[in-house]
Each structure stands twice: as structure tokens, then as C-alpha cells.
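Can you make the complete structure from the sequences, with help from the hints?
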Amino acid sequence: DAGVTQTPRHEVAEKGQTIILKCEPVSGHNDLFWYRQTKIQGLELLSYFRSKSLMEDGGAFKDRFKAEMLNSSFSTLKIQPTEPKDSAVYLCASRLWGGAGAETLYFGSGTRLTVL
Amino acid sequence: GDSVTQTEGPVTVSESESLIINCTYSATSIAYPNLFWYVRYPGEGLQLLLKVITAGQKGSSRGFEATYNKETTSFHLQKASVQESDSAVYYCALGDRTQVVGQLTFGRGTRLQVYA
Chain A
1 DAGVTQTPRH EVAEKGQTII LKCEPVSGHN DLFWYRQTKI QGLELLSYFR
51 SKSLMEDGGA FKDRFKAEML NSSFSTLKIQ PTEPKDSAVY LCASRLWGGA
101 GAETLYFGSG TRLTVL
Chain B
1 GDSVTQTEGP VTVSESESLI INCTYSATSI AYPNLFWYVR YPGEGLQLLL
51 KVITAGQKGS SRGFEATYNK ETTSFHLQKA SVQESDSAVY YCALGDRTQV
101 VGQLTFGRGT RLQVYA
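One line per chain: the protein sequences are A and B, in this order. Letter by letter, the first sequence follows residues 1 to 116 in my numbering. Letter by letter, the second sequence follows residues 1 to 116 in my numbering.
Be aware that a few hints might be false.
[Claimed, not checked] Taking beta-carbon pairs under 7 angstroms as the criterion, some of the chain A residues facing chain B (in silico):
#1 I19
#2 G42
#3 L45
#4 Y48
#5 S51
#6 M55
#7 D57
#8 G58
#9 T104
#10 F107
[What the hints assert, rightly or not] Reference listing, derived: stretches of chain B covered by chain A, where coverage requires no fewer than 3 residues with Cβ under 8 angstroms from a Cβ of chain A:
#11 47-59
#12 101-114
Think of the hints as simulated: they come from the structure by calculation, not from any bench. Since the structure is predicted, the reported quantities are computational estimates derived from the model, not experimental observations. Cβ atoms here follow ideal geometry from the backbone N, Cα and C, with glycine treated the same way.
Here's what the structure looks like:
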């Protein structure tokens, strides 16, 4: 079975550009998460979908970050416009929610974004 | 809000020494926490190491153990004798058994370096 697939692996953008990161969750999983990973803050939640419905939009990240689930097997994270402080690793994760809240999250390898 | 605090790294130990990485949590919006340890080995994606969903219980995997202590709101990760292959970044995470809060809240991560 394929795991969580994220593309691209690396992205370099100029300040002010629009970038789109992509994620394909594990087939059949109904929960999808976007996290940002930095050394200072660790993992910060950007967005959370359950069965394609947006459950959490990450509060502080609302203004320039927009995640969408076009269908159950594909999600995008748009950052518009990018700023140098957005440089980080962006992680996508999915899980098959069964109601217990203890289901394992499966993570992709991440997209490393560098904003110049 | 909910938060997780863990040992600030890097933690450096010699092979065959014992290890403890501290993790404490604050669950202000979660009545029934689930607790997790995730690990990221060099060159790999983040993956589940162990989890515990019931207070007072212990989880174990790959020689690591962690006990969910509701009184001290802690979930420390321990290993009696580390190996060089345990070098990785370890993340403590808090979830919600009732799924009122669907996402996991992660700590900032603790980098462990084991020397031969």
C-alpha cells in the first residue's frame, strides 16, 4: 500500500510568490492534516479535514494559508503570498478515523520550502 | 489551549546508557487524553513509536517505554539501554479520545544523539 505522498520534495520561492503543495493521503483514510514543522516551534497545525470537510483551519495561519481537499484522495496547501518566515518543512498526514481518537497518523516525507 | 512540553534537545548519550525524555501535557479542552510518541529517524518520515489511551497504562515498542500518568500529566519516554540506531528526533503528542478535538498537539521534538 502506498503511504502518504507529498510533492514536491523541495520548493524554492521568491518572496510574494504563490506556491501550491500537494498531498495524496493513504487510500481509504478519512482524516487529513497539514502541519508545519520548524526547529523553534515544532509541529504546528495548519488545517485538518475529516471526510473532506474542514474541521480546523489553524487560526493564526488563516490569512495566507489555504488548504483544500478536492476529493478524498488529494489535497493542496496554497501559500499566498509567501514570506521568508514561511520557510519550513510542510507535513501532510492522514489516518483512518475509527472513533477512538487513538488511530495512528501516517506522515508523508514533507515538502521543504525555502522562501528567499 | 492544549499544549505539550518535552525535554529540550539535543540529548547526547553513550551507547548502552539509559535514557529519559520528559513529556508533560496540558489538556484544557480535552477531557480524555490519548498520548503518543512519534519518531523521525534520519532520512525517514515521522512515524508512530508507541501510544497509550488509558491513564495508568504503559506503552512499549523497540525497547522504549512510556507510562501515562494522569496525576502528574506526564508521559515520559524511557529506555534502559540505548543503541546508536536510536538516534532520531522524538515527538510527544496529545490527542482526544472523544474526538471533540480531532487533531494531535505535538511537542517541539527532542533530538537524541547516541554515540558508540
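Status of each hint after checking the structure:
| no. | hint | in the structure |
| --- | --- | --- |
| 1 | I19 | violated, 21 angstroms |
| 2 | G42 | holds, 3 angstroms |
| 3 | L45 | holds, 5 angstroms |
| 4 | Y48 | holds, 5 angstroms |
| 5 | S51 | violated, 11 angstroms |
| 6 | M55 | holds, 5 angstroms |
| 7 | D57 | violated, 11 angstroms |
| 8 | G58 | violated, 9 angstroms |
| 9 | T104 | holds, 5 angstroms |
| 10 | F107 | holds, 4 angstroms |
| 11 | 47-59 | holds (count 4) |
| 12 | 101-114 | holds (count 8) |
Going through the hint list in order, the structure does not satisfy hints 1, 5, 7, 8.
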